[in-house]
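Given these sequences and hints, build the entire structure.
6 protein chains.
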Amino acid sequence: MIDNATPWLPSLTTDTPEAGYQLAIKLSRMAVKLTQPSDETRARLRPIYDQDAGALVAGSQVVTANFATVAQANNYWR
Amino acid sequence: MIDNATPWLPSLTTDTPEAGYQLAIKLSRMAVKLTQPSDETRARLRPIYDQDAGALVAGSQVVTANFATVAQANNYWR
Amino acid sequence: MIDNATPWLPSLTTDTPEAGYQLAIKLSRMAVKLTQPSDETRARLRPIYDQDAGALVAGSQVVTANFATVAQANNYWR
Amino acid sequence: MIDNATPWLPSLTTDTPEAGYQLAIKLSRMAVKLTQPSDETRARLRPIYDQDAGALVAGSQVVTANFATVAQANNYWR
Amino acid sequence: MIDNATPWLPSLTTDTPEAGYQLAIKLSRMAVKLTQPSDETRARLRPIYDQDAGALVAGSQVVTANFATVAQANNYWR
Amino acid sequence: MIDNATPWLPSLTTDTPEAGYQLAIKLSRMAVKLTQPSDETRARLRPIYDQDAGALVAGSQVVTANFATVAQANNYWR
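Protein chains in written order, with our numbering: chain E, 8 to 85; chain S, 8 to 85; chain L, 8 to 85; chain Z, 8 to 85; chain U, 8 to 85; chain V, 8 to 85.
The hints are simulated quantities; they were obtained by calculation from the structure and are not laboratory data. Any given hint could turn out to be false.
[Said to hold, decoys possible] With a Cα cut of at most 30 Å, we get these calculated DSS-like pairs of lysine-lysine:
#1 S/K40 / L/K40
#2 L/K33 / Z/K33
#3 U/K33 / Z/K40
#4 E/K33 / V/K40
#5 U/K33 / Z/K33
#6 L/K33 / S/K40
#7 S/K33 / E/K40
#8 L/K40 / S/K33
#9 V/K40 / U/K40
#10 L/K40 / Z/K40
#11 U/K40 / Z/K40
#12 E/K33 / S/K33
#13 L/K40 / Z/K33
#14 V/K40 / E/K40
#15 Z/K33 / U/K40
#16 E/K40 / S/K40
#17 V/K33 / E/K40
#18 V/K33 / U/K40
#19 Z/K40 / L/K33
#20 U/K33 / V/K40
#21 E/K33 / S/K40
#22 E/K33 / V/K33
#23 S/K33 / L/K33
#24 U/K33 / V/K33
[Said to hold, decoys possible] Okay, the calculated beta carbon distance ranges per label pair:
#25 L/S18 / V/P54: 48 to 54 Å
#26 S/S18 / E/P14: 24 to 30 Å
#27 L/S45 / V/P17: 38 to 44 Å
#28 V/D46 / E/A50: 26 to 32 Å
#29 E/K33 / S/T13: 37 to 43 Å
Backbone N, C-alpha and C fix where the C-beta goes; we use that ideal spot for every residue, glycine too.
Take a look at the structure:
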């Protein structure tokens, strides 16, 4: 899944806040993927997740926390 | 949904704490939207969410975490 | 609900730690209010929330996170 | 409940890490108290809370977050 | 339970990252202990906790948050 | 389980962001392991965990929080 030749996370630096937000999304997806590496299990949980308001909000907490890290890494694009 | 011509997040800097709070709300809505990109699924979860005290508090945790980031980006408007 | 003439959040600076704690409470209430803007829905959730130990603790997590932000904004009143 | 003459939170500074931990406990209790100001409701939730492993862990998350703030306020007692 | 003669938390400074992690575990156990001071109640919750995947993950969130504090206190052992 | 001769956490410093992410995963697994040291109990919880969308997202919150610490330790690899 992870191609060692091409790093999926070469840097935390982005040009714009919006690109930083996209990176936070990517980091969040990777966190789920690496927490549960089985493609099959993740596929089985997906429809449950999709009907669970709590899981959706919890997922957006992960994005928010990752965005905090990316924003700090970019000195808030000031 | 995201118009690439007009960035939805041009900057984390705001003039006032209150505008910063509005930005935190916007970031939180975007986190939900990008975590679950399907408009249909979000629409289906909305009424569940609206009856769930836990999801409401969890949603306000997301706003709080985003406000922490925005406040730091603005050096707390000191 | 929000009177634009009088800002509800003019500043994150407070004179004392205790006033900072009161501001954290205010920020937490506003987070709930702006996450679920419908007065009716919030009123309906209130009695559920009032019987839910988990929601109470989650609510105090929001206060705690907001206090962290306010304390930092005030350089911990050192 | 809060005696305005005697502040309950005069300072975030403590002499030792252990006193800082005690302050974090105090802040956590106050967060619960101010989130749910009704003594009666809190008393009703107490036995539920006391049988809920999840609420216990969530409560210790609040203490942990408050300790992070107190430790930073004291420059980690270095 | 807490022997006042011997402080349980003399310092946040440790020699190595690994000793810092052990301290984070200790802080997490103390957070649970001080949140629910009754030995009897904690003993009653223990078997519930031991069968609850959610409580296990939540417990590891507490360790993670405490480790963040300890790591910062030690300037990340750089 | 923990071999004292070979430290499992010699340093928080890594060469690349991606290696930092791997370290965050390792820290997260260790947090679970040290929160519930019984191999048997963890083995019993594993299949429950594997069917629980909420636990998966909570697990990815732990990874995210650990990555925040590792990223800061490495000055965001700037």
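Status of each hint after checking the structure:
1. With a C-alpha separation of about 20 Å, the suggested pair S/K40 and L/K40 falls inside the 30 Å cut-off, and the hint holds.
2. The suggested pairing of L/K33 with Z/K33 holds, with an alpha-carbon distance near 19 Å, which does not exceed 30 Å.
3. Between the alpha carbons of U/K33 and Z/K40 the distance comes to roughly 27 Å, so the proposed pair stays at or under 30 Å and holds.
4. Only pairs whose Cα atoms come within 30 Å are accepted, and E/K33 paired with V/K40 is accepted, the gap being roughly 27 Å.
5. Our distance criterion of 30 Å between C-alpha atoms is met by U/K33 and Z/K33, whose separation comes to about 19 Å.
6. A hinted pair counts as satisfied when its Cα atoms are at most 30 Å apart, and L/K33 with S/K40 qualifies at roughly 27 Å.
7. The straight-line distance between the Cα atoms of S/K33 and E/K40 is roughly 27 Å, inside the 30 Å bound, and the hint therefore holds.
8. For the suggested pair L/K40 and S/K33, the alpha carbons sit about 14 Å apart, so the restraint of at most 30 Å is met.
9. Simply put, V/K40 and U/K40 have alpha-carbon atoms about 20 Å apart, close enough for the 30 Å limit, and the pair holds.
10. Under the criterion of a C-alpha separation no larger than 30 Å, the hint pairing L/K40 with Z/K40 is consistent with the structure, at around 20 Å.
11. Between the alpha carbons of U/K40 and Z/K40 the distance comes to roughly 20 Å, so the proposed pair stays at or under 30 Å and holds.
12. Proximity of E/K33 to S/K33 is assessed by CA-CA distance (about 19 Å); at most 30 Å being required, the pair is judged to hold.
13. For the suggested pair L/K40 and Z/K33, the alpha carbons sit about 27 Å apart, so the restraint of at most 30 Å is met.
14. About 20 Å separates the Cα atoms of V/K40 and E/K40, which keeps this hinted pair within 30 Å; it holds.
15. Between the alpha carbons of Z/K33 and U/K40 the distance comes to roughly 14 Å, so the proposed pair stays at or under 30 Å and holds.
16. A hinted pair counts as satisfied when its Cα atoms are at most 30 Å apart, and E/K40 with S/K40 qualifies at roughly 20 Å.
17. Only pairs whose Cα atoms come within 30 Å are accepted, and V/K33 paired with E/K40 is accepted, the gap being roughly 14 Å.
18. Restraint check for V/K33 and U/K40: satisfied, since their Cα atoms lie roughly 27 Å apart, inside the 30 Å limit.
19. Between Z/K40 and L/K33 the CA atoms are separated by roughly 14 Å; this keeps the pair inside 30 Å, and the hint holds.
20. Restraint check for U/K33 and V/K40: the C-alpha separation of about 14 Å stays at or below 30 Å, so the hint holds.
21. This hinted pair checks out: E/K33 and S/K40 have alpha carbons roughly 14 Å apart, not beyond 30 Å.
22. With a C-alpha separation of about 19 Å, the suggested pair E/K33 and V/K33 falls inside the 30 Å cut-off, and the hint holds.
23. Only pairs whose Cα atoms come within 30 Å are accepted, and S/K33 paired with L/K33 is accepted, the gap being roughly 19 Å.
24. With a C-alpha separation of about 19 Å, the suggested pair U/K33 and V/K33 falls inside the 30 Å cut-off, and the hint holds.
25. Between L/S18 and V/P54, the C-beta spacing of about 52 Å keeps the proposed range 48 to 54 Å intact.
26. In this structure the hint that S/S18 and E/P14 lie 24 to 30 Å apart at CB holds, the actual value being about 29 Å.
27. L/S45 and V/P17 have their C-beta atoms about 53 Å apart, which leaves the hinted 38 to 44 Å range violated.
28. Between V/D46 and E/A50 the beta carbon distance is about 28 Å. The supplied range of 26 to 32 Å therefore holds.
29. Checking the proposed 37 to 43 Å range against E/K33 and S/T13 shows it is violated: the Cβ atoms sit about 22 Å from each other.
Of the numbered hints given earlier, the model fails hints 27 and 29; all others are met.
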